[in-house]
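Asks: In our numbering, the protein residues as written are 123 to 325.
Note that these hints are calculated values from the structure, not bench results.
The structure displayed is predicted, hence computed values, not measured ones.
Heads up, the beta-carbon is just placed ideally off N, CA and C, and yes, glycines get one too.
Be aware that a few hints might be false.
[Unchecked claim] Label pairs and their computed distance ranges (CB to CB): (1) Asp283 - Gly242: 21 to 31 Å; (2) Glu241 - Gly177: 32 to 42 Å; (3) Gly136 - Glu269: 23 to 33 Å; (4) Ile276 - Lys320: 28 to 38 Å.
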Amino acid sequence: MKKKARICVLVSGGGTNLQALLDAQSAGKLRSGEIVFVVSNNPDAYAIQRSRRAGIETMVISGAQTTFESALLSTLMRHEIDLVILAGFMRILSADFIRKYEGRIINVHPALIPSFCGEGYYGLRVHEAALARGVKVTGATVHYVNEIPDGGPILLQRAVDVYPGDTPEILQKRVMERAEWIILPQAAEMVSAEIIGKDENND
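All chains should be modelled from the sequences, with the hints used to inform the complete structure.
Replies: And the structure:
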């Protein structure tokens, strides 16, 4: 019987969301899953240092889309990964790849989907768009990944106020601290528990 879902986190940058997941795991808030592997498509990502400091096995995979996905898929299968978490991962996965892990890939997006989402909306661009539109409330969303960028079913959302004088950088930091770092570990626990339940029922 599988006691915990085996999690791989995909990262491209600083790894603050990865750190939130690692902290949740250390604090016992991620009970149904365990982060066993981290993959980055960027050899210079600070997230790699975070994962290695935490004693998590880490790999850098680069190259064209088909080469990247083929290497990633074989790595996930070799490590018997149950759940893939995109945490600041800056590549769009193909529909073929997603089908192989359907219902087992989640992503965190720094806006309240369906606002400011889809192709081209990532990083500071999301917050720039929110400020340009003049919204008073933004936030973050964790959703299942499907073949449409930011188009999968929503798992959790958390709202964050926008204040006069906010810059994209200030807003980004507030959304991370008050939304992303809270709901991503919560969603990881939810989906891990669901995966364990399904696997036990199939035994």
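Asks: With reference to the structure, classify each hint as holding or not holding.
Replies: Now for the hints, and whether the structure bears them out:
Between Asp283 and Gly242 the CB atoms are about 25 Å apart, so this pair conforms to the stated range of 21 to 31 Å. Our hint of 32 to 42 Å for Glu241 and Gly177 holds, since their Cβ atoms are close to 36 Å apart. At about 27 Å, the beta-carbon gap between Gly136 and Glu269 stays in the expected band of 23 to 33 Å. Between Ile276 and Lys320 the C-beta distance comes to about 20 Å, which lies outside the given range of 28 to 38 Å.
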